[in-house]
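So you can see what is in the structure, the chains are spelled out below.
Number of protein chains: 2
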Amino acid sequence: MIEYYDISGCYILRPWAMSIWEVMQTFFDAEIKKMKIKNCYFPLFVSSGVLQKEKDHIEGFAPEVAWVTKSGESELEMPIAIRPTSETVMYPYFSKWIRGHRDLPLRLNQWCNVVRWEFSNPTPFIRSREFLWQEGHTAFATKEEADTEVLDILELYRRIYEEFLAVPVIKGKKSEHEKFAGGLYTTTVEAFVPNTGRGVQGATSHCLGQNFAKMFEINFENEKGEKAMVWQNSWAYTTRTIGVMIMVHGDDKGLVLPPKVASVQVIVIPVPYKDADMQGIFDACADTVKSLNEAGIRAEADFRDNYSPGWKYSNWEMKGVPLRIEIGPKDFANKQVRVVRRDNASKSDIPMADLVEKVKDMLNNIQQSLFDIATQKRDACIQVVHTWEEFAEALGQKKMILAPWCDEEEVEKDVKARTKGDMGAAKSLCTPFEQPELPEGTLCFASGKPAKKWTYWGRSY
Amino acid sequence: MIEYYDISGCYILRPWAMSIWEVMQTFFDAEIKKMKIKNCYFPLFVSSGVLQKEKDHIEGFAPEVAWVTKSGESELEMPIAIRPTSETVMYPYFSKWIRGHRDLPLRLNQWCNVVRWEFSNPTPFIRSREFLWQEGHTAFATKEEADTEVLDILELYRRIYEEFLAVPVIKGKKSEHEKFAGGLYTTTVEAFVPNTGRGVQGATSHCLGQNFAKMFEINFENEKGEKAMVWQNSWAYTTRTIGVMIMVHGDDKGLVLPPKVASVQVIVIPVPYKDADMQGIFDACADTVKSLNEAGIRAEADFRDNYSPGWKYSNWEMKGVPLRIEIGPKDFANKQVRVVRRDNASKSDIPMADLVEKVKDMLNNIQQSLFDIATQKRDACIQVVHTWEEFAEALGQKKMILAPWCDEEEVEKDVKARTKGDMGAAKSLCTPFEQPELPEGTLCFASGKPAKKWTYWGRSY
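Those protein sequences? They're chains C and U, same order as listed.
Read left to right, the first sequence gives residues 23 to 483 (my numbering).
Read left to right, the second sequence gives residues 23 to 483 (my numbering).
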């Protein structure tokens with residue numbers, strides 16, 4: 023999937039990973055085009071004056087900004103920043119382009135790389151200094167339209183995780199402490215990795231309110247001829263999605279790829295045996311690949327002659343290919359093939375005649391099964407707590423903790439301070455949109471004040 | 023198409039330009055996937071040690087490299103370069119991944135941004151400090167395979183220019199002086215802009231030979247068990263393609279977009295007249311868009327109520343939309359529409375019943391006609407010369423000059439020196455693969471030595 027690179031925190035996305043990114047990109051790009059969102063491309067660079075225009079925003083990003091100060095042998099007159107995100111790159115032009123209500127909504131997206139020179143542990147896919155993402159930036163005449171889009175996009179992010187990557191996520195809102203720097207509110211899809219007991223912010227859809235509009239003077243003349251300020255959103259998902267998928271489904275043998283994103287869904291392996299008719303078997307393998315391909319299934323055969331079937335089995339298991347088809351002399355004679363699932367190792371013999379239909383069914387079945395099992399495992403990690411003692415215990419057990427909370431920023435800071443340690447502090451993950459009942463008089467697990475909502479907490483990537 | 027950006031030499035690609043890029047990208051990406059070339063993504067950054075490994079290569083790029091020296095408030099231990107191209111980024115890993123002949127060919131591509139901090143006149147699309155491109159990097163066991171791929175890719179570049187952008191190009195080989203820094207030979211598709219009298223390198227497909235393989239130790243064990251060195255290619259086309267298209271087809275009224283790449287191929291405009299049945303006309307416009315869309319034609323209606331039809335006509339002409347459909351009360355009554363071509367302003371009345379078929383034909387016709395006219399104009403600029411006097415005169419007339427040449431690097435340098443001036447020096451554009459006959463005894467236009475080949479010369483972007 024990746025190769026480590028000689029600059030720390032940077033990774034090479036090999037074709038096996040890139041093809042997963044492309045499947046998601048094809049889906050998401052088509053969906054946003056249906057919503058009349060248009061692609062564009064803004065520069066990688068941002069001048070320091072513009073970058074610093076929104077105070078909270080720059081405070082959030084300043085420590086991670088990479089600066090270009092030289093070209094060739096010459097010092098630049100002014101250092102130039104590499105975009106950590108493009109709000110400040112784009113919004114001066116939003117201000118220029120938006121004049122009247124007929125220029126709204128303005129809905130743009132770009133697929134690009136961004137750089138955040140983080141010093142905390144770099145981790146492939148999850149936390150890298152450069153990553154790929156899409157970033158949507160939109161402006162509306164009314165808050166209602168902006169609010170609606172925030173949720174429409176969040177639903178697409180849920181679909182990427184649940185329908186493509188087979189990873190269950192919880193939709194919710196970030197706390198004031200965890201929201202996007204400079205924004206009004208942040209919605210998120212939160213995933214959880216049972217093996218490590220950590221939450222992971224899957225993708226975020228922000229309503230920026232009018233904060234950036236104020237700083238960048240993004241005004242328009244409304245239908246009554248009055249000057250008004252736009253309402254803005256920004257939203258993004260990154261190559262981190264791939265990392266979440268790897269951690270959620272992977273096992274001791276390696277990757278487990280959901281069929282929908284696997285660049286090879288079926289690997290066909292010839293199994294030689296003594297003086298069997300190998301040419302017949304090879305032909306059967308090639309024919310199998312051909313009929314699967316014609317049915318739109320991504321299948322390949324592994325004809326390498328210098329590896330044993332057993333070595334090939336392990337190799338493709340490690341690479342996570344959802345289905346393996348073995349064809350040996352007996353299968354060939356009986357006009358059947360042996361099919362082995364990567365996710366649960368179950369084996370079945372299938373008549374060649376039924377193969378395409380059966381394989382389709384099995385791939386759908388694997389996709390659903392991966393999601394169901396991941397959901398069961400995730401749900402088994404959710405622990406409802408009411409008191410600090412229960413919270414601390416659940417945190418020790420690496421749970422995803424659902425707790426009643428007073429929703430005060432100082433209390434969240436306090437929780438962080440009290441849970442600091444080698445493993446990293448706990449923080450709020452999200453306040454789920456689907457709220458369990460909160461009986462009158464329920465108290466905050468951390469402050470003992472009256473609770474306002476149920477919120478997920480835990481350690482996080 | 024673009025917006026100027028507050029950092030000199032950087033430009034914003036607006037949706038109108040980006041959609042053209044996406045059409046070409048969809049075509050090219052599908053074609054290289056058929057060739058079993060796989061997409062990947064390597065980092066934006068390259069360490070200075072690796073960048074400098076191939077001597078000629080770094081000499082070619084060093085003056086334009088942008089350096090990151092700071093992150094947040096901290097100085098980096100070592101400055102890090104931003105890729106001007108990715109040979110040195112990728113090839114240390116080619117060396118790691120390629121062990122035996124079974125690992126070959128290795129054929130990778132990436133879609134990304136690159137940075138060349140040029141100080142000569144930045145020009146939108148044509149010469150910008152950051153641009154988008156694809157870069158293919160491949161390694162083969164034999165020179166023959168590499169040679170074949172160089173030409174296969176060059177043919178795709180020709181198709182992008184001629185079939186999509188309707189811009190005629192000449193396939194040929196770059197001179198030693200103009201070839202890719204560090205490569206063995208460079209092939210190119212060269213376009214010409216009659217209005218400015220300048221050639222423009224359209225896209226290049228390089229055979230790198232074994233120069234990089236030597237420096238980066240990219241070796242493999244061949245079928246005989248001997249150690250051998252790979253043969254490599256790299257090839258790229260950039261957003262410059264869009265700039266070439268704009269310059270070749272544009273006129274006094276603005277852009278002229280070839281139908282194949284236009285994000286809006288047909289604009290439908292209602293034409294109000296006194297107390298006509300406007301609702302009927304609006305419905306007819308919407309129906310027209312609907313039937314065209316259903317036939318796969320990219321059509322939109324312009325229902326803005328605050329602009330006159332005349333203003334809309336000019337506006338969409340400026341934006342280059344290939345066909346305009348006007349629907350007024352008379353058209354509506356006669357069940358017909360008025361269709362106006364952007365490229366030659368010809369008008370025709372078409373019965374609603376035939377519309378889809380007629381529009382399809384007209385779009386094909388416009389695509390072909392743009393190419394034919396551009397070819398005629400380009401051909402009219404080609405001037406065959408034999409002597410320095412003829413050469414100098416043709417250069418003064420801003421021609422694309424075809425001249426017999428001795429193919430010596432010193433002579434090319436001399437031509438450059440002798441033609442220096444406000445307009446920029448002349449240089450060799452390419453030696454066309456299709457060579458006119460070169461009679462025995464023909465002398466070089468510049469040196470008077472025996473000529474070896476016909477080569478195109480001119481001023482260039």
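Hints may be right or wrong, so weigh each one.
Treat identical chains as interchangeable: a pair holds within one or across any two.
What the hints assert, rightly or not - The list that follows gives simulated cross-link-like pairs (lysine to aspartate or glutamate, DMTMM-like), each with its CA atoms no further than 20 Å apart: (1) Lys56 to Glu44; (2) Lys118 to Glu140; (3) Lys341 to Asp436; (4) Lys246 to Glu348; (5) Lys58 to Glu316; (6) Lys58 to Glu322; (7) Lys55 to Glu44; (8) Lys60 to Glu44.
In case anyone wonders, no lab produced these hints; they're calculated from the structure.
Here is what the structure says about each hint:
Taking identical chains as interchangeable, the C-alpha atoms of Lys56 and Glu44 lie at most 20 Å apart whether they share a chain (18 Å) or sit on different chains (16 Å). Taking CA atoms no more than 20 Å apart as the test, Lys118 paired with Glu140 passes in neither setting, with 33 Å inside one copy and 27 Å between copies. Proximity of Lys341 to Asp436 under the C-alpha cut-off of 20 Å is found in neither arrangement, the shortest distances being 43 Å within a copy and 57 Å between copies. Taking the closest pair of Cα atoms, Lys246 and Glu348 never come within 20 Å of each other, the shortest separation being 71 Å inside a single copy and 31 Å across copies.
Taking identical chains as interchangeable, the C-alpha atoms of Lys58 and Glu316 lie at most 20 Å apart only when they sit on different chains, with a minimum of 17 Å there against 33 Å within one chain. In this homomeric assembly, Lys58 and Glu322 come within 20 Å of each other (Cα to Cα) only across copies, at 12 Å, whereas the closest approach inside a single copy is 37 Å. In this homomeric assembly, Lys55 and Glu44 come within 20 Å of each other (Cα to Cα) both inside a single copy, at 16 Å, and across copies, at 13 Å. Proximity of Lys60 and Glu44 under a CA criterion of 20 Å is satisfied in both settings, with 18 Å inside one chain copy and 11 Å between copies.
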